[in-house]
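Undergrad: Spelled out from the first residue to the last, the chains are:
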Amino acid sequence: MRDVRVMSYGEAIREALDDALAKHPEMLLIGEGVPDPKTIFGTTQGLREKYGAERVLDMPLAENGMTGICIGAALAGMRPVLVHQRIDFALLSVDQLVNNAAKWHYMFDGQQQVPLVIRVIIGRGWGQGPQHSQSLQAMFAQVPGLKVVMPTTVGDAYHLMLEAIADNNPVLFIEHRWLHHVHGEVDKHRPAAELSGAALLRQGADITLAAFSHMSIEALKAATVLDKHGVSVEVVDMRHLNELDVDRVASSLAKTGGKLLIADCAPEMASIGHQLLSKLVLAHRNSLQQAPRLIAYPNHPVPTSHFVANDYYPGAEQIASAVLEILDKSELTESVIRDLQSDLPKDQPDRSFVGPF
Amino acid sequence: MTAMSQAPADLKHLYYQMLRIRRAEEAIARRYAEQQMRCPTHLCIGEEAIAIGVCAHLTTQDKVFSNHRGHGHYLAKGGDLPRLLAELYGFAEGCCGGRGGSMHLTDLAAGFIASTPIVGGTVPLAAGYAWAEQMKKSVTAQGGASAAGGRTPGATNVVVIFFGDGCFEEGVMHETMNFAVLKKLPLLFICENNQYSVMTPLAERQPKRDIYKIAAAHGLTAVSGDGNRVDDVYELAQAAVANARNGLGPQFLELHTHRWPEHCGPNEDDDLGYRNPGELAEWKLRCPLLQTRQVLLAERLSNDAELAHMETKLAEEIEQAFARALQGSRPTIERMGQHLYA
Chain F
1 MRDVRVMSYG
11 EAIREALDDA
21 LAKHPEMLLI
31 GEGVPDPKTI
41 FGTTQGLREK
51 YGAERVLDMP
61 LAENGMTGIC
71 IGAALAGMRP
81 VLVHQRIDFA
91 LLSVDQLVNN
101 AAKWHYMFDG
111 QQQVPLVIRV
121 IIGRGWGQGP
131 QHSQSLQAMF
141 AQVPGLKVVM
151 PTTVGDAYHL
161 MLEAIADNNP
171 VLFIEHRWLH
181 HVHGEVDKHR
191 PAAELSGAAL
201 LRQGADITLA
211 AFSHMSIEAL
221 KAATVLDKHG
231 VSVEVVDMRH
241 LNELDVDRVA
251 SSLAKTGGKL
261 LIADCAPEMA
271 SIGHQLLSKL
281 VLAHRNSLQQ
291 APRLIAYPNH
301 PVPTSHFVAN
311 DYYPGAEQIA
321 SAVLEILDKS
331 ELTESVIRDL
341 QSDLPKDQPD
351 RSFVGPF
Chain W
1 MTAMSQAPAD
11 LKHLYYQMLR
21 IRRAEEAIAR
31 RYAEQQMRCP
41 THLCIGEEAI
51 AIGVCAHLTT
61 QDKVFSNHRG
71 HGHYLAKGGD
81 LPRLLAELYG
91 FAEGCCGGRG
101 GSMHLTDLAA
111 GFIASTPIVG
121 GTVPLAAGYA
131 WAEQMKKSVT
141 AQGGASAAGG
151 RTPGATNVVV
161 IFFGDGCFEE
171 GVMHETMNFA
181 VLKKLPLLFI
191 CENNQYSVMT
201 PLAERQPKRD
211 IYKIAAAHGL
221 TAVSGDGNRV
231 DDVYELAQAA
241 VANARNGLGP
251 QFLELHTHRW
261 PEHCGPNEDD
271 DLGYRNPGEL
281 AEWKLRCPLL
291 QTRQVLLAER
301 LSNDAELAHM
311 ETKLAEEIEQ
321 AFARALQGSR
331 PTIERMGQHL
341 YA
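Those protein sequence lines, which keep their order, are chains F and W.
So in UniProt numbering, spot 28 of the first sequence is number 28, and the numbers just go up one at a time.
So in UniProt numbering, spot 174 of the second sequence is number 174, and the numbers just go up one at a time.
The hints are simulated quantities; they were obtained by calculation from the structure and are not laboratory data.
Values in this document were obtained by computation on a predicted structure and should not be read as measured data.
One or more of the hints may lead you astray.
[Unchecked claim] Some chain F residues judged to face chain W by a derived CB distance under 8 Å, without partners named:
id : residue
1  : Pro60
2  : Ile71
3  : Asp95
4  : Gln111
[Stated by the list, open to error] Below are the DSBU-like pairs computed for lysine-lysine, each with C-alpha atoms no more than 35 Å apart in a straight line:
id : chain 1 : residue 1 : chain 2 : residue 2
5  : W       : Lys184    : F       : Lys188
6  : F       : Lys346    : F       : Lys329
7  : F       : Lys38     : W       : Lys183
8  : W       : Lys136    : F       : Lys23
9  : F       : Lys38     : W       : Lys184
10 : W       : Lys183    : F       : Lys50
11 : W       : Lys137    : F       : Lys23
12 : F       : Lys23     : W       : Lys183
13 : W       : Lys184    : W       : Lys136
14 : F       : Lys23     : W       : Lys184
15 : F       : Lys38     : F       : Lys329
16 : W       : Lys313    : W       : Lys12
17 : F       : Lys346    : F       : Lys279
18 : W       : Lys137    : F       : Lys50
19 : W       : Lys213    : W       : Lys184
20 : F       : Lys279    : F       : Lys329
21 : W       : Lys213    : F       : Lys50
22 : F       : Lys188    : W       : Lys136
23 : W       : Lys208    : W       : Lys136
24 : W       : Lys313    : W       : Lys213
25 : W       : Lys137    : W       : Lys184
26 : W       : Lys208    : F       : Lys38
27 : W       : Lys183    : W       : Lys313
28 : W       : Lys184    : W       : Lys208
29 : F       : Lys50     : W       : Lys184
30 : F       : Lys346    : F       : Lys255
31 : W       : Lys136    : F       : Lys38
32 : F       : Lys50     : F       : Lys38
The beta carbon of each residue, even a glycine, is placed where N, CA and C say it ideally should be.
Given only the sequences and the hints, what does the whole structure look like? Please build it.
TA: Written out as structure tokens, the structure is:
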């Protein structure tokens, strides 16, 4: 049975939280601004009214303390979902996340568990600047015991959120802010098997594009235009960060002649993109037939000024150029870029995304 | 309130429990030199009265969280002694299967949830646990079912967090007190003020003011007392536990005491000179066991023969606990990766 509805990524998260609050009486939704009128980009709208102020609540500005309090509540059988509107704020809670949440089950020999979801929002635009738009996913994915998921599609946002809440382990759930407005299908009866491993977003024959979060959307944009120019791109979305599905990438490479481009949405240094490449080389040494390329952010903070921030972020144009270089078809670059160009400023994903928040 | 909490202190029983911790710690210190307990070990000799005076008012449904110096809290709450010792030896039969050592203890059956060694690390966890207890009680109350179990209607399980004066300097401590008061949590903050963080005296770390007054300013019911008088601790804790149980919100006790051995390890370290001259000797005169023994004898609540019998009984228990712990098995490398995820 299929029950398919079209909604935005933000709405899908709201719907998942709604369904989980109904299903798990022990679930709590807590965070700075959770019940406020802006409702965390719409993702918590109406939930306090429906489930009450005891279960859907704001919190003191005490990220580390409140993370510990949520861990303690989880030990006592609750199922808290803690929201940080920026991943940068979660840095204040790294002690509790790393020293306690991630290790608790292990260090007490499996006797206790911490069913906790930490929602963090990464992203860019409208001058978020050095301390409001970092991409720290690799840092968290490095911690054993902490699951890190970064869904890209609307359907994955819904289902991976439900899965994270039902999980008896701490899960860091990473949302790119520019995904919240993207529309797509949610099939509530989707088989669970479709949620594990990497997701094949687009079939192609000429090259494999392994991408992360919002860069998968940019990859799809590039792939659509490249297709019109006779280039067939396969897009694989790497949604589980500490269980990187290298096998899926390798099987794609077997189809695309071992040509690989990785598009990460984080600074290049010690990125998950690098990790993917490293694991691929070690586990599937013959999968690459040509030198791979990695697109990532520069290794410096992003400045606030929109005059310069635009050049910080690679997007569909850089992806298309790199694809054509790998395929030795650079003569197509100029016309592909022309087709990709939009009149939107690069600090807005679409016209609806406006300041100041 | 339970019947136990209303009773005056059974001083003989409290003495026996304190003596048990003292003798167990001394036995650990003696055997530590054998180099088989290969983990950082923080002994609580000199501070036994606080753990015993507080835990005397708790049931197994009440929970305790603790810190790096946690043996006394674990034993006072009813934690299993052989499993504590096996944990120190790194055996699979240890309370954490050898994954924790002295600084990570747990005994869920006894209601001792955990001790961990990041200073302040367990403080918010205790508050979160108390918050969950409070929410569960509220759900039960709404459903009309009785969870009171003979207690005052509306009474709830309480959670206790033990920490030191150094921990009071951590931000997370104040974040937790703020939330605990905001939600009126059934939580007891027990500050064991032994004046030193490792070897650094309080005066180098905090301005001259009372710790409990800062807690009071956060809105907690806060008092201070002599942490080396088990009868005093018992009385202060009796009122605090009753208040927390009956919905009066979080309680804070600042209890003054002193650690006799080195910060970490089995030896004394007065020769290092970080304590004031004569300070340790003076605190030894105020030994919680010595003071209680004097009262027991002066008031004829016990006698030399009975006290000697206690010693024999404890020596046997501790000897047997070591024998049992030492029968433990090595955790296997194959198991080492298990339980990364639940």
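Undergrad: Failing hints, ascending?
TA: Of the numbered hints given earlier, those the structure breaks are 5, 15, 21, 23, 24, 26, 27, listed in rising order.
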